[in-house]
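Taken in sequence, the protein lines are chains A and B.
To convert a position in the first sequence, counted from 1, into the working numbering, add 1006.
To convert a position in the second sequence, counted from 1, into the working numbering, add 52.
I should point out that these hints are in silico values taken from the structure, not numbers from a laboratory.
The beta carbon of each residue, even a glycine, is placed where N, CA and C say it ideally should be.
Hints should not be assumed to be uniformly reliable.
Under 7 Å between C-beta atoms, here's a sample of chain B residues computed to sit facing chain A [what the hints assert, rightly or not]: (1) T64; (2) E69; (3) V73; (4) V123; (5) A126; (6) A176; (7) R180; (8) L182.
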Amino acid sequence: MGGNEKLQRFEQVIMPHLDAAYNLARWLMRNEDDARDMVQEAYLRAFKFFDGFHGVDARAWLLTTVRNTCYTWLEQNRRSRATTSFDEEIHSLDDQVANPSELALKSGDVEMVRESLEELSEEFREVIVLRDLEEMSYKRIAEVINVPLGTVMSRLARARGRLRRILFSRLKETS
Amino acid sequence: MDCTHAQTLLDTYLDGELDPVRSLEIDEHLHGCARCSKSYSEGQAFHKALKTGSLYFKAPADLHKRIQRSVREAARTETPSGWFSPWWIKTAAPLAAAALLLLLLIPTLKGPSSDELLTQDIVASHIRSLMADHLADVPSSDEHTVKPWFNGKLDFSPPVSDLAKEGFPLVGGRLDYLNNRPVAALVYRRDAHVINVFLWPSNTIPRPAAPIKTQQGYHVIRWTSSGVEFSVVSDLEASQLVKFADSLKSSVGTSAS
Chain A
1007 MGGNEKLQRF EQVIMPHLDA AYNLARWLMR NEDDARDMVQ EAYLRAFKFF
1057 DGFHGVDARA WLLTTVRNTC YTWLEQNRRS RATTSFDEEI HSLDDQVANP
1107 SELALKSGDV EMVRESLEEL SEEFREVIVL RDLEEMSYKR IAEVINVPLG
1157 TVMSRLARAR GRLRRILFSR LKETS
Chain B
53 MDCTHAQTLL DTYLDGELDP VRSLEIDEHL HGCARCSKSY SEGQAFHKAL
103 KTGSLYFKAP ADLHKRIQRS VREAARTETP SGWFSPWWIK TAAPLAAAAL
153 LLLLLIPTLK GPSSDELLTQ DIVASHIRSL MADHLADVPS SDEHTVKPWF
203 NGKLDFSPPV SDLAKEGFPL VGGRLDYLNN RPVAALVYRR DAHVINVFLW
253 PSNTIPRPAA PIKTQQGYHV IRWTSSGVEF SVVSDLEASQ LVKFADSLKS
303 SVGTSAS
């Protein structure tokens, strides 16, 4: 592929997914500056390896690179350790409680949902971002995070369960 | 379908990712069950709360320009003629060294967990085979039908034997994907319990069965013999599954000799 032709195709196929790339990076890095850097680096990497892209889904392909870039950075900088692992023992609650998301919706508290989502570990956070925000199919998510379809299914269920519990305990604190 | 089953599938159902048969079963169940249909509407509200759009971070306006500039810059400097330039070697040498180091480190870093990951994958594959209603590509209790079916689909010929005499009838076989490769899956039954056996060629020396592992209520037994890696998984009671593994082992032993 000629250099110019490659650039042109890249700009047509990959550039339109900038929002998706930024959204994932922003959620994984949890701040704007790092997210910008990661997206830029991921795009350069993606361009370098663009000859190897013969796939169907450019967004999934790009997001795989974005994710790898973020994880490499996070591992090197040990930032991931800052995520508090959520203690289910303390926060567990019984079945009879009111529905937390409904309450959050009523109070219109997007900020609370946002903070709760940030509190999740990266592996849980990313499946929710890819599914609920990015609205990707399980199949594409499996490609991006490189796990079998069944794992996507179970991880997503666990991630949502945990998010609901965090949300609930936050609502309880404020009320 | 009972409530426990319905509850575990509800999330997947809400995502519209459940196969049609299961979806219908859930539909029916929700009609008749107040508790589950309450969970359903709660789940719906929850999904809606996440999808409001206000959680989505759009890329800042200047980022597009910044990236376009740097990609174009990269395109300008990327010329194939520079393959053997000193610049390339200077960059590649440390990279290669780093990659080598990483390769050396990975087994020590991830050694204990790769086994766990594989167990997780085995359980996930088992669950998936039950969920997606895709238990067997070749539904047959005849080992002479199942074994040839794998010809040309795999790079090895899996040992297949019916264990009906021992109380574990063969149900069929299918292709699956595990441990980063296509594998043979043999399906057996004991009463209402399904047993999946995953097989792929092994390059390690024969080893006896590892102690039985349990995950999410499923038991997994793995061993290597006659150059084949065996992974047995089921919700069958542990002692029963050990008995199954023993029967399978001795049948493979006799057919190999």
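A quick look at each hint next to the structure:
Interface restraint check: T64(B) against chain A, minimum CB-CB distance 6 Å, threshold 7 Å, status holds. Below 7 Å, beta-carbon pairs count as interface contacts, and E69(B) has one with chain A at about 5 Å; its hint therefore holds. About 16 Å separates the beta-carbon of V73(B) from the nearest beta-carbon of chain A, more than 7 Å, and the hint is not met. A hinted interface residue such as V123(B) counts as satisfied when its beta carbon comes closer than 7 Å to some beta carbon of chain A; here the least separation is about 5 Å, so the hint holds.
Evaluation of the A126(B) hint against chain A yields a held restraint, the C-beta minimum of about 6 Å falling below 7 Å. A least Cβ separation of about 4 Å between A176(B) and chain A falls short of the 7 Å threshold, and the interface hint therefore holds. Taking 7 Å as the C-beta cut-off, the interface hint given for R180(B) holds, the closest approach to chain A being about 4 Å. For L182(B), the suggested interface contact is broken, since its CB lies about 10 Å from the closest CB of chain A, more than 7 Å.
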